[in-house]
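Could you build all of it, start to finish, from the sequences and the hints given here?
Protein chains in written order, with our numbering: chain A, 28 to 257; chain B, -19 to 256.
What the hints contain is simulated information worked out from the structure, not anything from laboratory work. Among the hints, erroneous ones may be present.
Stated by the list, open to error - If you want a taste of the chain A side facing chain B, the calculated C-beta under 7 Å gives, among others:
1. 69
2. 130
3. 200
4. 201
5. 205
6. 222
7. 226
8. 229
A virtual CB, placed ideally from N, CA and C, is assigned to each residue, including glycine.
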Amino acid sequence: MKLKKGMRALSLLLVMILAGAMLVPAVSAYQADAYGFNTNDPSPLDTRSTANYVKNKLSSMGYNPSDRHYDDRALDGFEELKNTDVFFFSGHSSPGRLQFGKNSADRFTFIFADGTLLPRISNMPQNQLSNLKLALYLGCYTGITDSNLGNLVYKTSDKGVKCVIGFKESINSIAADYWARQFYDKLDNRQNIGNAFDSAWWALFLEYGNDGGISKKIIDGDETQIIDLY
Amino acid sequence: MNRISKCMVLLILLSSMATLCYAQSYDTDQNIGINDAENRLRTFLSSIDSEKSYDEARIISSGDFRTFSGDYYEFEMGIGNFKVDKKTGEVESAWFYQDDSNAGRSEMSESRSLKLAEEFARRHYSSFDNLNMKLSDSEKLEGNNGRTRYLFRWYDVRESLFGQDIYTSNYVFVAVESGKIAGYIGIERETEVSLKPDVGEKEAMEKAVYVLDLPADSNTNYEYNNKLCVCYFDEKQHLAWDINVDNGVDSWGYASGGQAVIDAHTGEVLLKNPYL
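Take a look at the structure:
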């Protein structure tokens, strides 16, 4: 009798575990981070909806995106960059520098490529970014070298990233938003990085008749990667 | 069930099937069906390269694609991405994915690339010789695997009463990479708006500076690139001033400027597109 009851309890437990496994979605081991900002300095800009769109697309591709990264500080972004599989930044930038949110002293914080200031990519251990499949720095001059702060694309590449994208000229914000959405749509359809870039760029021309600076890109690394995990 | 009821049921079934078949062939608003669009695309592709294998030309996915100036069927294939206008059945956008190898590829000069692009445009844009198509831009860009890409843009340009060039919404873009056509856009739309602007260029420039939050007193330092054009926003055609203002970089290296599109009849701001 006791054995029967025990068997019943065990069966019930197994059923509950199976049902639980079906209800709770599997959490991907692959991390992804998308950063957007709402700021008035040095000029009004809001890239949060772009970042949110990218975050949802990365989730659809099988990644486990962190919670929303809106106006985060550079130190947080730097730590995520070191340990993520896909990194997306859309915001204000200048050669060798990505602008992040404000710190407790109400000052903007930055990730630098090189130089003497922290946090800087050149200070990471060698091969720190070897798990990073794609880093996209969607901002003005992110592919240009500053004599003191270095070059974001090349320094990221030095640390082992598989592919990094930057831009050599100024970029219009609406064009950047439209292109980014198209780009991640294509990646989600299992296009490789290079083809997704071009196809999204061509769609931007079809919609606006110009590309807002997106064509002046620099892609360093393996652009034949398919980053969609499904 | 008597014989009349059976006939009624059969009639209802037949009419439902006929409606479904019609819907498959013809979308609403007299749009062509997706099957017709696919046939038009295959005709377009075979006119370019009849030797492409079936596998390369296999449709991976298809769906709707909306732009301000029209609705498309979008086809994703192994060889590229294509968009067919739902109303006319014209392939208005084609992007051919470039192979990864450099085998058999060599750089082509700008002049030879232009010749190739123009030949392609004449073959696929039926009004190329009937409109006043002017080459407005030639750009040298970085293509795939370090290859050189050229982008050529032609517009049907009209002249206003004051001698101002007006770029209509009839245009052709062709991208050439190492001697191969990489991309094609061919748009042809009837001009529905008056080509006489009520808002002057200077007024539009001042408005652009204002909406882009640029200081008005630095006006003399700005570099402008302006164009009076027929364009689409929110699915409506407008005569508009396309104003691009560049204010260089500040002491921190941040870019300052952007694009603003101002309706040349009403003065309405159609697009505010500052630099990131």
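Taking the hints in turn, this is what the structure says about them:
{"no.": "1", "hint": "69", "verdict": "holds (5 Å)"}
{"no.": "2", "hint": "130", "verdict": "violated (17 Å)"}
{"no.": "3", "hint": "200", "verdict": "holds (5 Å)"}
{"no.": "4", "hint": "201", "verdict": "holds (4 Å)"}
{"no.": "5", "hint": "205", "verdict": "violated (10 Å)"}
{"no.": "6", "hint": "222", "verdict": "holds (5 Å)"}
{"no.": "7", "hint": "226", "verdict": "holds (5 Å)"}
{"no.": "8", "hint": "229", "verdict": "holds (4 Å)"}
Hints 2 and 5, counting from the list given before, are not met by this structure.
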